[in-house]
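Since chain A is already given, all that's left is putting chain B on it; use the hints.
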Amino acid sequence: MELLHPAASIVIEFSRTSKTYRSILGRSVIAVEDFSLQVAEGEILGIAGPNGAGKSTLLSLLLGYLRPTSGSVRIMGQEPRTYVQKNGIGYLPELMTINPQWRADTALVRFATLANVPAPDVSARVDEVIDRLGIGEHRDKKIKALSKGNLQRLGVAQALLRDEKVMILDEPTHGLDPVWTQRFRDIVEKLRAPTRTVIIASHNLDELQRLADRVAIIDRGRLQRLVTTGYDQATDTGGTYRIAVASGAEQVAVLLPSAHSSGDGEFEVSFPDIEAMNRALSTLISNGVVVASVVPARSVLEQQFREAVGESK
Amino acid sequence: MKSNLEHYFLWQLRDFIRERGVAMLLIGLLFGMTVIVPMKVATSATGTQLTDRMATQILMLVLPQVSFITSFIVLNGLVSTDRIRGYYRFLFSKPVSVPVYYAQAFLVSFLGYCTVFTILLALFVAFVKPIMPFGTLAFGALVFLSLGGIAFFISSLFRRDWIVLSVVLAGTWIMGSWWGQKGGIRQAFVQLLPPLGKLTGQMDGLVNRGTANPADVFHVLGYSALFFAAGLIVLHRRPIG
Chain A
1 MELLHPAASI
11 VIEFSRTSKT
21 YRSILGRSVI
31 AVEDFSLQVA
41 EGEILGIAGP
51 NGAGKSTLLS
61 LLLGYLRPTS
71 GSVRIMGQEP
81 RTYVQKNGIG
91 YLPELMTINP
101 QWRADTALVR
111 FATLANVPAP
121 DVSARVDEVI
131 DRLGIGEHRD
141 KKIKALSKGN
151 LQRLGVAQAL
161 LRDEKVMILD
171 EPTHGLDPVW
181 TQRFRDIVEK
191 LRAPTRTVII
201 ASHNLDELQR
211 LADRVAIIDR
221 GRLQRLVTTG
231 YDQATDTGGT
241 YRIAVASGAE
251 QVAVLLPSAH
261 SSGDGEFEVS
271 FPDIEAMNRA
281 LSTLISNGVV
291 VASVVPARSV
301 LEQQFREAVG
311 ESK
Chain B
1 MKSNLEHYFL
11 WQLRDFIRER
21 GVAMLLIGLL
31 FGMTVIVPMK
41 VATSATGTQL
51 TDRMATQILM
61 LVLPQVSFIT
71 SFIVLNGLVS
81 TDRIRGYYRF
91 LFSKPVSVPV
101 YYAQAFLVSF
111 LGYCTVFTIL
121 LALFVAFVKP
131 IMPFGTLAFG
141 ALVFLSLGGI
151 AFFISSLFRR
161 DWIVLSVVLA
171 GTWIMGSWWG
181 QKGGIRQAFV
191 QLLPPLGKLT
201 GQMDGLVNRG
211 TANPADVFHV
221 LGYSALFFAA
231 GLIVLHRRPI
241 G
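Chains A and B, in that order, give the protein sequences. Per the working numbering, residue 1 is the first one in the first sequence, and the count goes up by one each step. Per the working numbering, residue 1 is the first one in the second sequence, and the count goes up by one each step.
Be careful, since some hints might not be right.
[To be verified] A few chain A positions that, by computed beta-carbon distances, are all more than 10 Å from chain B:
| # | residue |
| --- | --- |
| 1 | 13 |
| 2 | 20 |
| 3 | 140 |
| 4 | 222 |
| 5 | 255 |
| 6 | 264 |
| 7 | 270 |
| 8 | 273 |
[To be verified] Straight line, CA to CA, 27 Å or less: simulated BS3-like cross-link-like pairs of lysine-lysine:
| # | chain 1 | residue 1 | chain 2 | residue 2 |
| --- | --- | --- | --- | --- |
| 9 | A | 165 | B | 129 |
| 10 | A | 86 | A | 190 |
| 11 | B | 182 | B | 198 |
| 12 | A | 86 | A | 148 |
| 13 | B | 129 | B | 40 |
| 14 | B | 2 | A | 86 |
These are calculated hints, taken from the structure and not from any lab test. In this text, all values refer to a predicted model and were calculated from it rather than measured experimentally. Glycine included, each C-beta is placed from N, C-alpha and C at the ideal position.
Isolated chain A, as found in the complex:
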């Protein structure tokens, strides 16, 4: 497992970090166990894991909201709380815990003030993020009156109030509609900068595959796998593909006996590599089958995730 990112300087470092919650009655739950990982400057790191895997605990450790039971967490070589107190972090929590009586725009003014945005710039900065996240028509509503999606957009807006060097986004597209999910992805792409480090925790593997440079797959508090994402790797290997045909479905079963029909002219077929897939497609087409689409049935990340989580169980 490659823990050290080659080249760039290290911004975030988990070193054999463990966190155990203990109740008054002495019962203990291990949330994070012996977790080691380094995140480089300019990197977008994804964190994936099933519910209860330890993702949120990991992020709380990174913000200094929790202290590790053993091991250490460092941001730019400093204790997380020391770093955050001095520099701040662009943080979008999974739970949108903002006082429900506050107005959306005044909440942003408050956060901008705390984020050290210079007083004369606060208003313009708030207007800018409101515009960017499309919540202008909701700006004078109370937090309690906002829908889940608008609240999520407000949360993203407050994380963007300042150009932070470190950003942590926990389930950022949760509750967003498809249009804003796509827009959010564009926003994250624009956040990519040589001096900025971004961590995204998400259940959405497709999102992490698109946005992150590497994805840490965690389960039961442990780092199970560190996957380097990227187009080349995703397409140069074999795997299972979903082939949809416009006509000639009956021919597919004959020409590709290993194909599993999932109905409506769709088939799932596994290939050892890209060349084998191309040969099979060529055979289909030359025998009169009209191929409508070919898409990976599962992304590389999804396969890795299934294997990693399966192994840990």
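Same frame as chain A, but now just chain B:
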């Protein structure tokens, strides 16, 4: 140049007014009225003129309850509310020192408390009898500051701080009345508890003469200040999450 927290002072003051100030004013009024209205009715029914002495006695009747209860309302949840409701997640991802943020919140609460207390006194002066308000205000401030450090410490440690604070205050009164005069180890134990007896002992002097026993005032304020400092240490050393 002002720091971000100095800029945030007015937002904290606004939160105080909305979340605690109005409640403090209403409860102070209700408490006061339960004593003052029957007195006013009785004096007007008998045709008795309300003297300065009677007005002061009425004031001293309601003052301990109003000052203790309103201080309790203002002080409970000072730190723990943000922890229980998760507001800390947004607040402290910004470049903000946790102990400084809550020390400022305490200062805002004190100023807000004094302001509302002054309004309550002004209402007393307007509707009951003009009195010199400074000693009464000083007593109210003394009650707030004496409880403040203890409440701050408890709130920084416990999520259900109002329960713990109630137990501590009730326990102090009960222990004081049981063991306060017993001598020996029991009295020594009572000496370690919050010096609430010394606090209430200042009311007469402050309200009537505008004077207090400096040693007792030093004791109650010093005791509270120690706990306030302990609360700051807890906030500095213990993660907020």
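A quick look at each hint next to the structure:
1. 13: holds, 18 Å
2. 20: holds, 14 Å
3. 140: Consistent with the label, residue 140(A) stays out of reach of chain B, its closest Cβ about 16 Å off (over 10 Å).
4. 222: holds, 21 Å
5. 255: It holds; residue 255(A) is separated from chain B by about 56 Å at its closest Cβ, greater than 10 Å.
6. 264: Holds: least Cβ distance 46 Å, greater than 10 Å.
7. 270: holds, 44 Å
8. 273: holds, 46 Å
9. 165(A) x 129(B): violated, 62 Å
10. 86(A) x 190(A): The hint holds at about 25 Å.
11. 182(B) x 198(B): holds, 17 Å
12. 86(A) x 148(A): Violated, because 32 Å separates the two Cα atoms, which is more than 27 Å.
13. 129(B) x 40(B): Status holds; Cα separation ~11 Å.
14. 2(B) x 86(A): With a Cα-Cα distance of about 16 Å, the restraint between residue 2(B) and residue 86(A) holds, given a limit of 27 Å.
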